[in-house]
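> Please model the complete structure; the sequences and the hints are all you need to start from.
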Amino acid sequence: MMILQNAILELADDNLILGHRVSEWCGHAPILEEDLAMPNMSLDMIGTARTLYAYAAHLENKGQTEDDMAYLRDEREYLNCLLVERPNGDFATTMLRQLYFAAFMEPYWQAALNSTDDVVRGVAGKAAKEMAYHIRHAGEWVIRLGDGTDESARRMKTAVTDLAPYVDELFQSSAAAKAAEDAGILPVRADMRAAWDKTINHIFGLAMLNPQEDTFAQSGGRQGLHGEGLGHILAVMQSINRAHPGAVW
Amino acid sequence: MTNATPNTPLWEVFIRPRNGLAHKHVGSLHAPDEVMALDAARDVYTRRAEGTSIWVVPSNAITASDPDHAAETFEPTADKIYRHPTFYEIPDEVGHI
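As they're listed, the protein sequences go chains P and F. Here our numbering is used: the first residue of the first sequence is 1, the next is one more, and so on. Here our numbering is used: the first residue of the second sequence is 250, the next is one more, and so on.
FYI, nobody ran anything at the bench for these hints, they're computed from the structure. These numbers come from a predicted model, not from an experiment. A hint or two may mislead.
Beyond 12 Å from chain F on every Cβ pair, some chain P residues (computed) [unchecked claim]:
1. A54
2. Y133
3. H137
4. F204
5. A247
No more than 30 Å apart at the CA atoms, straight line, and that leaves these computed lysine-lysine pairs for BS3-like [to be verified]:
6. K178(P) to K129(P)
7. K129(P) to K198(P)
8. K126(P) to K329(F)
9. K126(P) to K198(P)
10. K126(P) to K62(P)
11. K273(F) to K129(P)
Cβ pair distances, simulated, as ranges [to be verified]:
12. I3(P) to V306(F): 51 to 59 Å
13. K62(P) to S302(F): 42 to 50 Å
14. T301(F) to V236(P): 53 to 61 Å
15. L43(P) to T301(F): 35 to 43 Å
16. T161(P) to P258(F): 30 to 38 Å
17. N268(F) to P87(P): 39 to 47 Å
18. G269(F) to Q212(P): 49 to 57 Å
19. D67(P) to T301(F): 34 to 42 Å
20. A313(F) to R136(P): 53 to 61 Å
For glycine and all other residues, C-beta sits at the position ideal for the given N, C-alpha and C.
What follows is the structure, given as structure tokens:
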């Protein structure tokens, strides 16, 4: 079951790492309302990750738990795509990253409602609704910042350029993902491109933004090859558990 | 207040907890426009499944009674206890009305 386990871990890692990234805004958001909105989104993603980690641990069948999956794997064992580990940057970058991720995950979870796997179908029903809200919330901000002041428009354009190299990896399936896709357990990642383009083009049109063309696409996350940012995330996220194994509160 | 946050005016938030109940004022928030105000109301005031419907109203659209006129506005009703339904005796046969 290693193949299926890795395919599930890819999804879990995407959600945990982005959930952790967004949680870094807690206490630092530009306004109180966003200081609640961003942890809300963060908890949606961490909740999804928890269910998937528990499933991955169950598949491994060595008595492991969701915590072992999150806290005791090293950087090279993390299989998240590079987009989700990108630094928060400014508020514009964070909202665009959230829009890109949710615009992929919403149709992905919708398609996963037809999975042959009970756990995947269960996660999909809940996560599809959450991702629909993330598209709405992040999208509204992208529209207002892109079509806002000179300063906000400049920051939004910079975010589009900065995140462009990390879009294509969303639509690429690793060997593990392909096996799960062939078995009807997970949707085919490349099939989400049309829905993603439609969402982004609609929002960019209202935001007076142009999609970035001709960029060099980065990849490697699914093979455990990450940017320097992931190591820092794991250092923060795992340090308590490594210093005090099994710590609870 | 309005000068401090010219781009994010104040909104009053009303939540309906269940079908059949009225929207109830729960608090206020800052947001740039009505769409973002609804999102913010959802994120700030319905995190524990409090609502099935949300209204947001610009705070400056609300006309409030003047506290300086409280005496003439409210006190004349104080001695009109016959307006309370408890003033009447209801026969047991009527049951709940």
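> Could you run down the list of hints and mark each one as holding or not?
Results of checking the hints against the structure:
Consistency note on A54(P): stated as away from chain F, and its beta-carbon is indeed over 12 Å from all of that chain's, at 23 Å minimum. Here Y133(P) does not stay apart from chain F, with its beta-carbon only about 8 Å from theirs, under the 12 Å limit. Not every beta carbon of chain F lies more than 12 Å from that of H137(P), the smallest distance being close to 5 Å; the non-interface claim is violated. Against the 12 Å criterion, F204(P) stays outside the reach of chain F, whose nearest CB is about 18 Å from its own CB.
Distance to chain F confirms A247(P) as a non-interface residue, since its nearest Cβ pair spans about 27 Å, more than 12 Å. For the given pair, K178(P) sits about 25 Å from K129(P) by alpha-carbon distance, which is consistent with the 30 Å threshold. A hinted pair counts as satisfied when its Cα atoms are at most 30 Å apart, and K129(P) with K198(P) qualifies at roughly 18 Å. About 55 Å separates the Cα atoms of K126(P) and K329(F), which puts this hinted pair outside 30 Å; it is violated.
Distance restraint check for K126(P) and K198(P): the Cα-Cα separation of roughly 23 Å lies within the 30 Å cut-off, and the hinted pair is therefore satisfied. The straight-line distance between the Cα atoms of K126(P) and K62(P) is roughly 28 Å, inside the 30 Å bound, and the hint therefore holds. A C-alpha spacing of about 26 Å is found between K273(F) and K129(P), which places the hinted pair at or below 30 Å, so the restraint holds. Between I3(P) and V306(F) the beta carbon distance is about 55 Å. The supplied range of 51 to 59 Å therefore holds.
At roughly 48 Å, the beta carbons of K62(P) and S302(F) sit within the given window of 42 to 50 Å. A hinted range of 53 to 61 Å is violated for the C-beta pair T301(F) and V236(P), which are about 38 Å apart. For the pair L43(P) and T301(F), the beta carbons lie near 21 Å from each other, so the given range of 35 to 43 Å is not met. Range check, T161(P) to P258(F): about 33 Å between beta-carbon atoms, so the 30 to 38 Å window is met.
The hinted range of 39 to 47 Å is satisfied by N268(F) and P87(P), whose Cβ atoms lie roughly 45 Å apart. In this structure the supplied range 49 to 57 Å holds for G269(F) paired with Q212(P), their Cβ-Cβ distance being about 50 Å. Here the CB-CB span from D67(P) to T301(F) is close to 35 Å, well matched to the stated 34 to 42 Å. Look at A313(F) against R136(P): about 33 Å separates their beta carbons, and that is not inside 53 to 61 Å.
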